[in-house]
Every structure is written in structure tokens, then in C-alpha cells.
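Engineer: Going down the list, the sequences are from chains A and B.
Sequential numbering from 1 applies to the first sequence in our numbering.
Sequential numbering from 1001 applies to the second sequence in our numbering.
Derived from the structure by calculation, the hints contain no laboratory data.
Note that CB positions come from ideal geometry on N, CA and C, so glycine has one too.
Be careful, since some hints might not be right.
Straight line, CA to CA, 25 Å or less: simulated SDA-like cross-link-like pairs of lysine to any residue [said to hold, decoys possible]:
| no. | chain 1 | residue 1 | chain 2 | residue 2 |
| --- | --- | --- | --- | --- |
| 1 | A | K340 | B | S1101 |
| 2 | A | K340 | A | R193 |
| 3 | A | K336 | B | K1120 |
| 4 | B | K1002 | A | S267 |
| 5 | B | K1002 | A | E274 |
| 6 | A | K336 | B | T1326 |
| 7 | A | K336 | B | A1075 |
| 8 | A | K336 | B | L1092 |
| 9 | A | K340 | B | F1360 |
| 10 | A | K340 | B | D1020 |
| 11 | B | K1002 | A | G280 |
| 12 | A | K340 | B | A1075 |
| 13 | A | K336 | B | K1002 |
| 14 | A | K336 | B | S1162 |
| 15 | B | K1002 | A | D314 |
| 16 | A | K336 | B | A1191 |
| 17 | B | K1120 | A | Q235 |
| 18 | B | K1120 | A | R193 |
| 19 | B | K1120 | A | D314 |
| 20 | A | K340 | B | K1120 |
| 21 | B | K1120 | A | R376 |
| 22 | A | K340 | B | H1097 |
| 23 | A | K336 | B | R1356 |
| 24 | A | K340 | B | L1023 |
| 25 | A | K340 | B | F1054 |
| 26 | B | K1120 | A | A306 |
| 27 | A | K336 | B | S1101 |
| 28 | B | K1120 | A | Q346 |
| 29 | A | K340 | B | D1193 |
| 30 | A | K340 | B | R1354 |
| 31 | A | K336 | B | H1097 |
Chain B regions said to be covered by chain A (calculated; three or more residues, Cβ under 8 Å) [stated by the list, open to error]:
| no. | stretch |
| --- | --- |
| 32 | 1059–1068 |
| 33 | 1073–1082 |
| 34 | 1142–1153 |
| 35 | 1238–1251 |
| 36 | 1254–1265 |
| 37 | 1342–1348 |
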Amino acid sequence: MQQTLHSTTLANGIVVLGEYLPGLESVAIAFHAPAGAVHDGPGRCGLATLSGEMMLRGAGDRTSRQIIEALEGGGVQWSQAVSTSHASFSGAMVARQLTVALPIYADIIRRPRLEEDQLESARQMVLQNLAGTEDDPAHRAMSALRQLHYSTPWGMPSEGVSAEVEGIGIDAIRGFVSAHVRPGGMIIAAAGRIDWETFVAGVERLFGDWDAGAPETVRTGGRGPRFRHVHHDSQQTHIAVAWSVPPYRSDESYEATAALAILGGGSSSRLFSEVRERRGLCYSVSSGYQTLRDQAAAICYSGTSAARAQETLDVILEEIDRLPGTIEQSELDRVKARAKSGLVMQQESSAARAGSIARQWYHLGTMRTLGEELDRYDRLSVGSIEGWLADNPVRDLSVVSLGREPLEVPDEVRA
Amino acid sequence: MKFVHERLDNGLDVIAEITDGALSTSVGFFVKTGARDESDAIWGASHFLEHMVFKGTHDLSGDEINRRFDWMGAAANAFTSEEDTVYHAAVLPEQQHEAVSLLARMMRPALREEDFTTEKLVILEEIRMYDDQPPFGADDRCRAAFFGRHPLARSVLGTVASIEALPVEAMREYHRRRYAPGNIVLAATGAVDFAALLESARRHCGDWEPLASADRTTAPGRHPPDGRSTIESITRPAATLEYAVRMSAGPAGNDDDRYAAKLLAVILGDDSGSRLYWSLVDSGEAEQASCHHHDFLDAGFFATQLSCDAEDVEPLLSRIVDVYATTASAGIEAAELEQARNKLAGRVVLGGERPRRRLFSVGLEWAHTGGYRSVADDLRIVEGLGLEDVHRMLARWPLHGPSATVLAGPHSADASAPAAAKAE
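Use the sequences and the hints to build the structure in full.
Structural biologist: Shown next as C-alpha cells:
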């Protein structure tokens, strides 16, 4: 498959990426500003999320309503999200609308009004979203797990903490945006039916005269306890388990990803077969790989009735323990097949590709071609995965249970 | 894009939308059966059967099915609704035959008693999982109130009691009756080799015994029953927010006004940029305030969903009804219509690029109407909708009119509170 990837860096540090996808009518664009929740600071958890919301509420000569009407009037499917590392503004549209959308995004990113009269509405919106997450037990369990697993402040919930969101003022937001929404560390990616030269010229015209500025670094702290029970008055108990694995930019992340896929990545995976299919313990059980730039986590999750939760956790831990020395070639073949078709099918979505090349740049400082990715999967072997498992035993398990009663966890977690 | 259709001698429809240059192939069996085809004695059987289809045939174990899907790199799954049970897989084109063959064989499951007993536990867990999540059963309860004695009143999952009581023989009988070839559509989209698709269908489905087309009870009627508004509540002391689901009548799937209904729902209650968004969500008063149109063979409704602080639920529901009433009396502005049309057109184009999404549009349309609409057809419909269409909708289907409403959350609501019925 022919693949056309482009990249350039503007004089002020903005990285511009593009991928031409033949056969598509659409273009997707993604702006990733290094203004993620990791910069919230003590007592201000939710500052990045509130700032991201405020950036949409009036920019340049458009009001909040005019921004949304201009984007949606152009048929742009827009979204805004704040993660641990980035504030992201994205849109997918019919290709001819890109020239309409780009200047609107330039206003949002460079000229947000951040007016005080929008602050209370924005704050209430963030608080409503937080209240909604309180009613989502799986989300709460995973959020608690990230706080246990990652070194501070990397595990803090990007959606914020209500009591801290209440206290954030307009000056903190203006300070945050001016400090972190900067050309240095900014990635702008487009994928789909793009003309690269025209796109770069457009980005240069709208962002080229923005003063350079380097992203702020983050001081990484320590980690907390290894086990937490969250009381929640629910029928099901939710179980979330994590341990450390290499981040995406480490070459060994492929071995880790494959091992986790064998453990719980598909319907023929060990967790699905043993926990759901054979024992009927739960409806959902899985394991997966989650990466930040310098840390990553292997994560297992299940939700099941309180009475069967202990057995579910015990079986999950047994399957984790059983992994080294037992990997079969047929399991690896299935993992490779799933990875390959997933990578190819991603080429059918401009939005998926724009997000993917931007993430690759953040993690690797380059983009990997489909051929390079497939080649790396081809080089996975039972030997390479077993070697990695032998060198990297699971040793820093974190466990969260959420439900009516806490679960029994291994001594090393309790300690 | 090219559309093709053949019917096997036993009545199985085989359809495909073929896209030159597509990178993947999506295939699916669309069985025209769902919760509306059940009775009290087999409530939840359609969805439970969907799970059992993955537990194996007489010569293929459930583990083997799971391994084969993973081995071919398939994104495979299934879902059950009020009217459909759909089994689907997205694969690279070279795996088309494997995927179709496996899905076809699965349509004749063994329905072994020991698998049935184990899977029953999984279904009960699924029921508990949804019961723990917003809107805490308010959607099912609301549909029951809205449809009254109509077959669409039945929830898809069933209840803990109905699932515990279901015998395996009842499921086997249901399968014999509902999975006849004349009641199934095999659909494919993307990079499809149609000759090979037909060959796979003939080989694996050709010997399925034809039955007279399975009966389906359709019952046009007035919803909510007798045109009377109702409001009920479900108390969940531990919930943080209050959730409300409100249903009012809308055009059915055989009504040409269903397209205008979708457009009206975008104007009124899309997740962003709609009238409800600017009235309730932008201010942070509601976590969600949305309106969507759903259509079925013989009925349709507009579903309004609200989540907010418990003490605000009644005033905000009143405000939503006011938005509907004002829209009905003052009408829609041309600029709003244009924005909504462009939004819908954008969704049609972007959705049309992915064979996985097209499979559901193409398969469900054929299963429901026996017809086909291309992406270009959909765009023409959207672009042809004018103010007069939306205004006709508002007159025919007053959203501020009779409704069923269910609240769920910490609010200990007075069930006689007339908030949702106010502007009736």
C-alpha cells in the first residue's frame, strides 16, 4: 500500500504533519497543544480542562456561539478534549471546508478571549461532567487506578476534582493558556484528501508569526499506595489492576503490547476465555496497554457481582502469573493478524489517522509508516516475547476495587 | 459504489455495496428478530440467543469460533435491538470467505444446555452492569410506559427473573422459528467479491430449510397509550445526578417524514449547537440535554434525555418542553436549518467512507424496507429538506404534546408531578 507522509517544523517550533489518504473525500485536522492536565499544579486539578473549555467560549472576533455555528455550519465534526499531556482540538470535514475551518482553529488557539463572563458557565459545565463521571463506576475505578499507578502528577484525573475546580479564577486560566498553549511542543496534523503544500502554506500564514516559546517541563514526584478500595453502592464490584511496562517509544513496547493482547486483548484471549467463557464470571473483562511519554501501564479490568468479584480478581492474578513460559505460536499469530488488520483499517478514517500521526510524533519525534509498523509486528516471535517477560517480571502491581466491599489482595500490594 | 442483490432459492437475501479501492470488507447477517418478537415466556431470548450463537455449532466449539475470528484479524461482534439481531465482522478483503463462512455456520448454533447454563450467568451480569449505570433503567421503563401493550414496550435484555426462568428448549424453538433463511439478510460492504460471496452463501446457507416467513406482530397505535402523559420515578439514593428520559410520538420507519424528523432532532437537541444545547448545556445547568428520533416498523418517537442536579430536574424538564412549544409556534430559522443540514451531510459523507459503518446502514435498510440507498441518495435527501418539511413535522408531531417521562436518581420525586406534561 502506498503511503504519503509529510512533516515540517515552522521556525517557531510548531510541528506540521500530513498524510494523504487516497479514496477519501474528507480531511481531519488535529491540534495538540502541550497544555495537558499534568500542568494543573497543586490545588488546581481541572485547570487544564477548564482552560480548554474557556478557549472555545469566544476567540478572535467570534463569540462562543459564532464559533460553534461557523464550524457546524461548515459540516465540521469538531471535538475538544484535555488529556494528561495535551489540550486537543479536532475536526473532520469534507475536504473543501478545510480553508474555512483553519482560521477558526487559529483563533481558538492563538486568540481565545478568556472573558470572565463565560467563566461560571464553563465551570458549571466542567462540574456537571465531573458529577456525571461519579455515576460511571468503570470510569471511577480506572481513574483511581491511574492515580495509584503513575508517579504524580501524571495520574491525576484530567477532568479535575470538584472542590479544586470551584476555586479556579480567570487569572489562573489566562496564565495557564499563555504559559502552555505555545508554539513549542504544538503539533498540527491533517489526514485525508489534503494538498500538502497548500496546507503548510495555510498553517504558516495563520501560525507562522506566533512568537516562539518552549513548553514547560514537569517535575515528576513519587507514587502512592498500591491498593485502594472505593466504596460505591452498586450491584457489581469493579476491579482494575495495573503494573509498569515500557512506554511506546521503547522498542520493547511491541513485546509488551503483544503479551497483553495474548492475556486479554481479544475474544480468544486468556482472560476472556477463562473468566467469561469458561466460568461465566462477568460480562466484561480485558487487558490492554496504556502509554504516556515516559511511563506506561498494563491494565486489566473487569466488573462482576460482589459475590463473584474475589474469584474474578484471583483468576485474573493467576492468569497474569501464568503468562511467562506459556506463550504459544498460535496465540502470537492471532495477535499479529489483529494488529495488521487494525492498522490497515485505520487508513479508512481521516480522523483516526490525524490523531495517530500526531500521537506518534509526540511519543517518537517521527511518524512510522504502515510498512514499518507491520515489519515490527512481523519481527515479534515467541522467543522475543518470552525473553521480555523473563526480563520484566510483574513487580509493582496496583489494585483498585470499587463496590460495596473491599477485596482481598496479595500481601505485596497490601504492604 | 455499486449495489447488487441476489436471492437464494430458500429465500435468503444476499446484498452488497461494492466500493472500488476500499481497504476492508465488512460482512454481516441481519436477522429480522428482536425483543418485539418475544412473549412474556421468552422475554430476553433474542439477546440471550445472540450470545449463544458465539458458543458454537455441533462441529465448532465456542473457543474455536473466538480463535478463528482473532486469527483472521476480524473486528467481530453482534448486537440485538427491538427489531434486529446483527452479527458482523470487518476484515481485510482476503479474509472475506473465512469471515462469511464462519458467520454462516454460526447461524446454526448447537444451543447446548451446559453452555446455556454458563452463559445465563454472563447475561445476568450484563443486566446488573446496565442497572448500575446511568440512566439506571429509566430508558427501558420509559419505553414500557410509552408503548403500553405494544410489542415495542419490551426491553431487549429482559429481566433477572425472565432470564432465570428461560428454558433452553424455548430458545431452540425460538431459533427454529426466527432464523429461517427468508428472515435473514446477508450483507457486505467495502471491497466485496460478490461472486465469492454468493458462492459462500450457497455453500453454507443453501441447505437451510425454508420456512414461511416468520410472523411479526405489527400494531399501529397511539403512543403514549390513550394520548395521556405519564411520569414515573426510580429512586437511586447513591446516584450523583438525576437522569430523565422523555418520549413523545414521531414518525415511523415507513413514513417519509422520518428524514425531516432526524433533521428536526438535530436542530432541537443535537449534542452541540442545538436549541437545547444553548438553553441548558452551554450554561452548565445540565450535563446532557439532547433529543433524538428513533423509528421502528410501525412506530417512532423522539427521545429526550436530560441529566442534571436532582433539584433542577423539574424546572429543566419544563424548560425543555417550553423550547419545544416555542419552536412549534414560532418555527425554525433558515440559518438553523442550513447548519443542521450541513451537519447531517457531513456525517453522511464521513460515515460513507467506512465500510464498517455502511454495513449497518445498508443491511438494516434492506432488512426493514427491502430497499437500498447510496451515500449520494442520502445526501440528496438531506439537501432536499426545506423549512416547510420541518414545519410540517412540528405540526404533525408536537414534541411538547403527550409524553412518557421517567426520572432516575437521588430525587425522591412525587410521581404525580406534572412537569413533563405541563404544556400538553
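Engineer: So, for every hint listed, does it hold in this structure?
Structural biologist: Now for the hints, and whether the structure bears them out:
1. With a C-alpha separation of about 21 Å, the suggested pairing of A/K340 with B/S1101 holds against the 25 Å cut-off.
2. With a C-alpha separation of about 23 Å, the suggested pair A/K340 and A/R193 falls inside the 25 Å cut-off, and the hint holds.
3. Proximity of A/K336 to B/K1120 is assessed by CA-CA distance (about 32 Å); at most 25 Å being required, the pair is judged violated.
4. A threshold of 25 Å between alpha carbons decides the hint, and for B/K1002 with A/S267 the separation of about 33 Å lies outside it, so the pair is violated.
5. A C-alpha spacing of about 44 Å is found between B/K1002 and A/E274, which places the hinted pair above 25 Å, so the restraint is violated.
6. Only pairs whose Cα atoms come within 25 Å are accepted, and A/K336 paired with B/T1326 is rejected, the gap being roughly 57 Å.
7. Taking the CA atoms of A/K336 and B/A1075, the gap is about 13 Å. The hint holds against a cut of 25 Å.
8. With a CA separation close to 13 Å, the supplied pair A/K336 and B/L1092 stays within the 25 Å bound.
9. Restraint check for A/K340 and B/F1360: satisfied, since their Cα atoms lie roughly 24 Å apart, inside the 25 Å limit.
10. Straight-line distance between C-alpha atoms of A/K340 and B/D1020 comes to about 21 Å, which keeps the hinted pair within the 25 Å bound.
11. Of the pairs offered as hints, the one joining B/K1002 and A/G280 is violated, with about 44 Å between alpha carbons and a cut-off of 25 Å exceeded.
12. The suggested pairing of A/K340 with B/A1075 holds, with an alpha-carbon distance near 12 Å, which does not exceed 25 Å.
13. Restraint check: the Cα-Cα separation between A/K336 and B/K1002 comes to about 32 Å, which exceeds 25 Å; the hinted pair is violated.
14. Distance check on the hinted pair: A/K336 and B/S1162 sit about 41 Å apart at the alpha-carbon level, beyond 25 Å; violated.
15. The hinted pair formed by B/K1002 and A/D314 fails the criterion: a straight-line CA distance of about 53 Å is larger than 25 Å.
16. With a CA separation close to 22 Å, the supplied pair A/K336 and B/A1191 stays within the 25 Å bound.
17. Distance restraint check for B/K1120 and A/Q235: the Cα-Cα separation of roughly 17 Å lies within the 25 Å cut-off, and the hinted pair is therefore satisfied.
18. A distance of roughly 48 Å separates the Cα atoms of B/K1120 and A/R193; the hinted pair therefore is violated under the 25 Å criterion.
19. For the suggested pair B/K1120 and A/D314, the alpha carbons sit about 22 Å apart, so the restraint of at most 25 Å is met.
20. A threshold of 25 Å between alpha carbons decides the hint, and for A/K340 with B/K1120 the separation of about 34 Å lies outside it, so the pair is violated.
21. Of the pairs offered as hints, the one joining B/K1120 and A/R376 is violated, with about 41 Å between alpha carbons and a cut-off of 25 Å exceeded.
22. Among the hinted pairs, A/K340 with B/H1097 is consistent with the structure: their alpha-carbon atoms are about 18 Å apart, no more than 25 Å.
23. Pair hint A/K336 plus B/R1356 holds up; C-alpha atoms about 21 Å apart against a cutoff of 25 Å.
24. Of the pairs offered as hints, the one joining A/K340 and B/L1023 holds, with about 12 Å between alpha carbons and a cut-off of 25 Å not exceeded.
25. Taking the CA atoms of A/K340 and B/F1054, the gap is about 24 Å. The hint holds against a cut of 25 Å.
26. About 17 Å separates the Cα atoms of B/K1120 and A/A306, which keeps this hinted pair within 25 Å; it holds.
27. Proximity of A/K336 to B/S1101 is assessed by CA-CA distance (about 22 Å); at most 25 Å being required, the pair is judged to hold.
28. Note on B/K1120 and A/Q346: the hinted pairing is violated, with a Cα-Cα distance of about 35 Å set against a maximum of 25 Å.
29. Distance restraint check for A/K340 and B/D1193: the Cα-Cα separation of roughly 21 Å lies within the 25 Å cut-off, and the hinted pair is therefore satisfied.
30. Taking the CA atoms of A/K340 and B/R1354, the gap is about 17 Å. The hint holds against a cut of 25 Å.
31. Annotation: proposed proximity of A/K336 to B/H1097 holds, straight-line Cα distance about 20 Å (limit 25 Å).
32. Check on the stretch 1059–1068 of chain B: 4 of its residues sit with their Cβ under 8 Å from a Cβ of chain A, so the three-residue criterion for coverage holds.
33. For the stretch 1073–1082 of chain B, the stated coverage by chain A is satisfied: 4 residues place a CB nearer than 8 Å to a CB of that chain, which reaches the threshold of 3.
34. Given a C-beta distance limit of less than 8 Å, the hint that chain A covers the stretch 1142–1153 of chain B is violated, as 0 residues qualify and 3 are needed.
35. Residues of the stretch 1238–1251 of chain B lying with their CB closer than 8 Å to a CB of chain A number 4, which satisfies the three-residue condition for coverage.
36. Counting residues of the stretch 1254–1265 of chain B whose beta-carbon sits less than 8 Å from any beta-carbon of chain A gives 0, not enough to reach three: the coverage restraint is violated.
37. Requiring three or more residues with a Cβ within less than 8 Å of a Cβ of chain A, the coverage given for the stretch 1342–1348 of chain B holds, as 5 such residues are present.
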